[in-house]
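Visitor: Below are the chains, spelled out letter by letter.
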Amino acid sequence: MTALLDRPARTAAADLTLRRGAARVLLDNWTGSGTVPSRTLYPHQWSWDSAFIAIGLRHLSARRAQRELESLLAAQWADGRVPHIVFNSAVPNGAYFPSPDFWRSSTAGHPAGAPASLETSGIVQPPVHALAAWLVHQADPAESRRRGFLSRVFPHLTAWHAYLLGARDLGGSGLAAIVHPWEPGMDNSPCWDGPLSRISPIDTGSFRRADLDHGHPADRPTDLDYGRYVRLAADYRDASYDDRAARHAFALEDPCFNALLTVSEHALADIAAELGADPAPHRARAERLTETLVARLWDEEAGAFLARDLVSDELVRERSVAGLAPLLVPGLPASIVDRLVGTLDGPGFHADATALVPSYDLTGPAFDRTRYWRGPAWFNTAWLIERGLRTHGRHAHADRIRASLLETAGGSGFAEYVDPTTGEGRGARSFSWTAALTLDLLHTDDRTEAGR
Amino acid sequence: MLKTAAQEQLLPGESLQEKWEFAQEAGYDAVELRAKGDLHFASRLPELKQALKDGVVMPTVCVEMLHFFGAFDEELRRDAIKQMKSQLTVIGEIGGLGAQTPASYGMFSRRLPPFEPPRSEAEDREVLLSGLAELGEHAAREGVTLYLEPLNRYEDHMVNRLEQAAELIKEVGLDSVKIGIDSYHMNIEESDPAAAIIAHAPYIGHAQVSDSNRFQPGAGHLDWQAWLGALHTIGYEGYLAAECRLTGDPVEAVRSVPAFLKGSGA
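Going down the list, the protein sequences come from chains A and B. Anchor point for the first sequence: position 429 equals 429 in this note's numbering, and the numbering is continuous, going up by one each time. Anchor point for the second sequence: position 7 equals 7 in this note's numbering, and the numbering is continuous, going up by one each time.
Just chain A, with the same shape it has in the complex (with noise of 0.2 Å):
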């Protein structure tokens, strides 16, 4: 196989041909106020999707970008936290699982202020959404500013961060934590095969899955795993998504969650200057944030943050990709920076069949080249990558990822991951994040992008 760097330079026409490849599935998969993941295998809004998708989208209409963002924000519930669905009312139920008729938000949500007119999820996903808002903005100020945009969605996005830092602050360290696997958005990561093992999975027979309908069964969870997300859920449901008064049962704080809570808080501070706001309450909270973010869950043996399970206070000592999100934090300590680029350069994270970082590490005990978050690389955590190496001024390195992302995505279909071993898509083709950042790489010119 011809090495990374040795292969010719991107043509104009090959990029040309990429961004209308990318532009059409955007635009196939827009519903009218968001955009779906994918047709088939997710027919509702995603809480994260929809925020990397909006860093995308904002190159092929600022107006959808923006739309996208406020769409998934009134469905935020008055405790200040975003679903990690919205649902379509216009899907049948079938469709997707869990349903509307499991979660159930607009009656067992209603004592912590779910929405009563539209049916959402009731646990959360990362916090990219400010992050996203900011950018959103930077792509088109004129028609943000005709629109009120950033004004508009301030308060929501301020009242998401104080969510995350009052409610789920369950270790009272400043971190958010996670009481659901879906949360951090890697479902099935080895990180949470020792906590989910003290969680007794509902029958399977109780239920069926949609998943498999488009999806192959060795790319997707096992339905061991199906069975005990399924009862983390409904314990908490059951206990109406209150925080204080579930028993969690699973509750981690994981790295890359609270990295992107660090760097969106930092874009709450540009937003607020921006509108005229004290910016100074949000620097300083993303200061501490990544003091702790430090303190509570890097680990120097492993090169890497590790997710603290607070129901041991341990750290998970699995290496996953979302142990090196962080990178993406400015002001981390050199020699933290330093380490981690050692670890992405390492037997654990450098696949020579693609330079997307995998899930997992490829050395671990369970690593697994297809399944899901188990291994295979994805293309919204590359981008994160990419963007943490720009930000400590690692140009080349992000330079070889940004390439590899643009002519995996464009050769793949757009698909929803990578098998590392080989660099050959799996799961869902004309995945919405992966064109949306395939496009978002293509309008950034690597060599001047130190500032952005």
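The hints are simulated quantities; they were obtained by calculation from the structure and are not laboratory data. Bear in mind that the values here come from a model prediction, so they are computed numbers and not experimental data. Note that the Cβ used here is the ideal one computed from N, Cα and C, for glycine as well. One thing to keep in mind: the hints can contain errors.
To be verified - Partial selection, computed: residues in chain B whose CB lies under 7 Å from chain A:
(1) PRO193
(2) ALA195
(3) ILE198
(4) ASP223
(5) GLN225
(6) ALA226
(7) GLY229
(8) ALA230
(9) THR233
Fit chain B to the known structure of chain A by using the hints.
Guide: Just chain B now, kept in the frame of chain A:
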């Protein structure tokens, strides 16, 4: 960057040459001609040929009559077809690409009294297919294209959406008939204008632009980035021809269009 054109009546100046000078300064790439009835367009041939010699770029012509090839009245229909054939011949003679026409305009609307047209849908369809076939064959002989323009429901009762135009064109089966899309009408009729462009990409031959309120692009609330992004996505290489009313100072309004479209991703 997509090329832009302005319809001739929008441009200040007495002659096509003067209008072209203004158009170029404003950043347009071409002038779209307008063709009146009574073979008036053919009578302009010497003027058009001189303009061509003087370097005026005139790729397309848009009909400016009050009866069309979908008219209820047989005599008017025959005349419209005669006029359109002549317009196709003339635009071919000056090296242009094609001529645009709706099925009808101002003849009937199902949204206004008396709500039920005097002709059945099946008869409408027969008239449209036969007119498109006759005009399409003529266009093919002249080496140009007939652009069928869907109009909004208040202006025409037969062809309102790209889907309807594409279906007729598919049935006619001639490459010399394409859709001439118009952003203003699409904004009223299409649930997602950008998606409609993607869905009917192979049939789109020409594009006219005006904003949500029929004024010049930039004066209304269309999502131009999405609309133009869709045209880029399908690899559209034709013109964006401004066919609009003007609000504000008319000269400044016309002048603003190319820069606005460019800033919106054209």
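Visitor: Give a verdict on every hint.
Guide: Here is what the structure says about each hint:
{"no.": "1", "hint": "PRO193", "result": "10 Å, violated"}
{"no.": "2", "hint": "ALA195", "result": "6 Å, holds"}
{"no.": "3", "hint": "ILE198", "result": "5 Å, holds"}
{"no.": "4", "hint": "ASP223", "result": "5 Å, holds"}
{"no.": "5", "hint": "GLN225", "result": "4 Å, holds"}
{"no.": "6", "hint": "ALA226", "result": "4 Å, holds"}
{"no.": "7", "hint": "GLY229", "result": "5 Å, holds"}
{"no.": "8", "hint": "ALA230", "result": "6 Å, holds"}
{"no.": "9", "hint": "THR233", "result": "4 Å, holds"}
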